[in-house]
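This is what each chain is made of:
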Amino acid sequence: MTYWRVPLDLDQVEIPHGNIQIIVNQCKGCGFCVEYCPKSVLAMSTDFNRKGYHYPNIVKRNLCVNCNLCEIICPEFAIFVTDDKPRHPDPEEVLKGGGNHEG
Amino acid sequence: MSKTTTGFTNKLEIPTPREKLHHPMDRYLRTERFPHIWCATCGIGTILTAFISGLEKSGLEQEKVAVVSGIGCSGRAAGYLRLDSFHTTHGRAIPFATGLSLGNPELKVVVISGDGDLVAIGGNHLIHAARRNIDLTIICINNFNYAMTGGQAGPTTPIEANASTAPYGCYEFPFNLPFLAESSGAVYVARWTALHIRRLAKSITEALLKPGFSFIEVICPCSTLYARRNRLGTGLDLMKFYHDNALIKHGADTREIDIRYQDQIVVGKFVDKDKPTFLQKRDKFLREKLGEKFIPYKGPQPI
Ligand SMILES: Cc1ncc(C[n+]2csc(CCOP(=O)(O)OP(=O)(O)O)c2C)c(N)n1
Ligand code: SF4
Ligand code: SF4
Ligand code: SF4
Ligand SMILES: [Mg+2]
Chain A
32 MTYWRVPLDL DQVEIPHGNI QIIVNQCKGC GFCVEYCPKS VLAMSTDFNR
82 KGYHYPNIVK RNLCVNCNLC EIICPEFAIF VTDDKPRHPD PEEVLKGGGN
132 HEG
Chain B
326 MSKTTTGFTN KLEIPTPREK LHHPMDRYLR TERFPHIWCA TCGIGTILTA
376 FISGLEKSGL EQEKVAVVSG IGCSGRAAGY LRLDSFHTTH GRAIPFATGL
426 SLGNPELKVV VISGDGDLVA IGGNHLIHAA RRNIDLTIIC INNFNYAMTG
476 GQAGPTTPIE ANASTAPYGC YEFPFNLPFL AESSGAVYVA RWTALHIRRL
526 AKSITEALLK PGFSFIEVIC PCSTLYARRN RLGTGLDLMK FYHDNALIKH
576 GADTREIDIR YQDQIVVGKF VDKDKPTFLQ KRDKFLREKL GEKFIPYKGP
626 QPI
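Residue numbers (our numbering), protein chains in the order written: chain A, 32 to 134; chain B, 326 to 628.
Heads up, some of the hints might be wrong.
With the Cβ distance kept under 10 Å, some of the chain B side facing chain A (calculated, not the full set) [as the list claims (entries may be wrong)]:
(1) Leu354
(2) Pro360
(3) Ser378
(4) Phe500
(5) Asn501
(6) Arg523
(7) Leu557
(8) Gly560
(9) Pro601
(10) Thr602
(11) Leu604
(12) Pro627
(13) Ile628
Straight line, CA to CA, 30 Å or less: simulated DSS-like cross-link-like pairs of lysine-lysine [what the hints assert, rightly or not]:
(14) Lys600(B) - Lys70(A)
(15) Lys574(B) - Lys91(A)
(16) Lys574(B) - Lys382(B)
(17) Lys116(A) - Lys600(B)
(18) Lys127(A) - Lys574(B)
In short, the hints are calculated from the structure, not lab data. If you're wondering where the values come from, they're calculated on a predicted model, not measured in any experiment. Backbone N, C-alpha and C fix where the C-beta goes; we use that ideal spot for every residue, glycine too.
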């Protein structure tokens, strides 16, 4: 959703936020988490883990909404998300149609 | 660590912590056996995650759930679960599970196994356990081939699909598993793909809480054999294919949902009905016939 201006009640809006943990050497590079993260928080690394696979890097940590999808789609139990403090949406991101606080 | 006379150490090695990070599902996993054997981009691990998440939501106690598998890549599932889990012989997961369930009716017994294991060599057990409405939950991981032994065609391989025993494409009519399960007597029947992870987990919860024979088919990418032989790309490409070609149709007529090669896959919950389980029916029937003389089996008793 995009807005034509920053909503006035933005400071009262709270978005869930997650703390992403990646067990790098357990990843087999399938890319499921990267492909299906609804907020495009993750991207495949260019370097390799100990077993020779690319693994996910967190590229937009602040946008994670703690939906847990990456955790339950991962066939290797190599990524999970713990609850972090909810955040206020970032006004600039809201105007761009994105969502979460820069941080 | 002391050595025994045979030279083996008699204390189990403490497994190395996985980079000191503890996955929230670790308490359900035999993490000492990780990483698991499944290939990169295989979907079986994702289905295991859905099972754990469905089990958690069911609220069943970990000690009251047993998981049985047969042989195959899918059949490895039981061995990775920190539950009472059993890796049985090929095709015999259901008879083993039937004994377990009848011997200890308090247990919720789950079978997680492959299409070949459950429907080819084990097909007879499947239909008779469904007919008798044994209290079991079956999760049938359908990757359209016998993956573990090299990608042979099996009873679910779609017509046209290439397999190592069907180099020009398979020409046999495949089974439509939800129809088979329903017509054999299952009280709960659903089909999902490895991509429908939340819906699959929800179905698993429902099936676990349903008394009687529940059957969930899960369409699963086999990247190394089925996808490679058919040039379908990786497991991720198959997940994208499921995304574009799966149609959710709860309550669909199971006669009309057979799977054709690389065609639409109808998913959803198709059957959810109530019927007395084998034990309920037996106890009621025999009580009527025998009256006072009938003493129902009460499961294992403390000695
Ligand atoms: C009695 C017996 N016959 C044959 C085999 C060889 N075998 C091992 S796994 C398997 C097929 C497994 O297929 P499926 O259940 O679909 O599992 P997948 O590997 O595809 O997950 C066969 C035929 C065996 N182990 N035991
Ligand atoms: S929890 Fe959701 S938003 Fe956060 S990284 Fe995982 S998939 Fe993306
Ligand atoms: S889903 Fe898991 S195994 Fe696949 S790339 Fe992401 S972390 Fe790695
Ligand atoms: S052979 Fe196929 S089913 Fe078996 S682990 Fe590999 S990708 Fe999965
Ligand atoms: Mg198979």
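Cross-check of the supplied hints:
Because the closest C-beta pair between leucine 354(B) and chain A is about 7 Å apart, less than 10 Å, the hint holds. Proximity of proline 360(B) to chain A holds as hinted, the smallest CB-CB distance being about 6 Å (cut-off 10 Å). The beta carbon of serine 378(B) comes within 6 Å of a beta carbon in chain A, closer than 10 Å, and the hint placing it at the interface holds. Annotation: interface hint on phenylalanine 500(B) violated; nearest CB of chain A at approximately 26 Å, more than 10 Å.
Here the hint on asparagine 501(B) is broken, as its CB sits about 27 Å from the closest CB of chain A, past 10 Å. Below 10 Å, beta-carbon pairs count as interface contacts, and arginine 523(B) has one with chain A at about 7 Å; its hint therefore holds. Here the hint on leucine 557(B) is broken, as its CB sits about 15 Å from the closest CB of chain A, past 10 Å. Interface restraint check for glycine 560(B): the shortest CB-CB distance to chain A comes to about 6 Å, inside 10 Å, so the restraint holds.
Checking proline 601(B) against chain A: minimum C-beta separation of about 35 Å lies over 10 Å; hint violated. A hinted interface residue such as threonine 602(B) counts as satisfied when its beta carbon comes closer than 10 Å to some beta carbon of chain A; here the least separation is about 31 Å, so the hint is violated. Hint status for leucine 604(B): violated, given a least beta-carbon distance of 34 Å to chain A, over 10 Å. Below 10 Å, beta-carbon pairs count as interface contacts, and proline 627(B) has none with chain A, the closest being about 37 Å; its hint is therefore violated.
Checking isoleucine 628(B) against chain A by beta carbon gives a least distance of about 39 Å; that is not within 10 Å, so the hint is violated. Distance hint between lysine 600(B) and lysine 70(A) is unfulfilled; the C-alpha atoms sit about 44 Å from each other, more than 30 Å. Pair hint lysine 574(B) plus lysine 91(A) does not hold up; C-alpha atoms about 36 Å apart against a cutoff of 30 Å. Taken as a hint, the lysine 574(B) and lysine 382(B) pair is honoured in the structure, with Cα atoms around 24 Å apart against an allowance of 30 Å.
Of the pairs offered as hints, the one joining lysine 116(A) and lysine 600(B) is violated, with about 47 Å between alpha carbons and a cut-off of 30 Å exceeded. Distance restraint check for lysine 127(A) and lysine 574(B): the Cα-Cα separation of roughly 36 Å exceeds the 30 Å cut-off, and the hinted pair is therefore not satisfied.
When the structure is compared with the earlier hints, violations turn up for hints 4, 5, 7, 9, 10, 11, 12, 13, 14, 15, 17, 18 and for no others.
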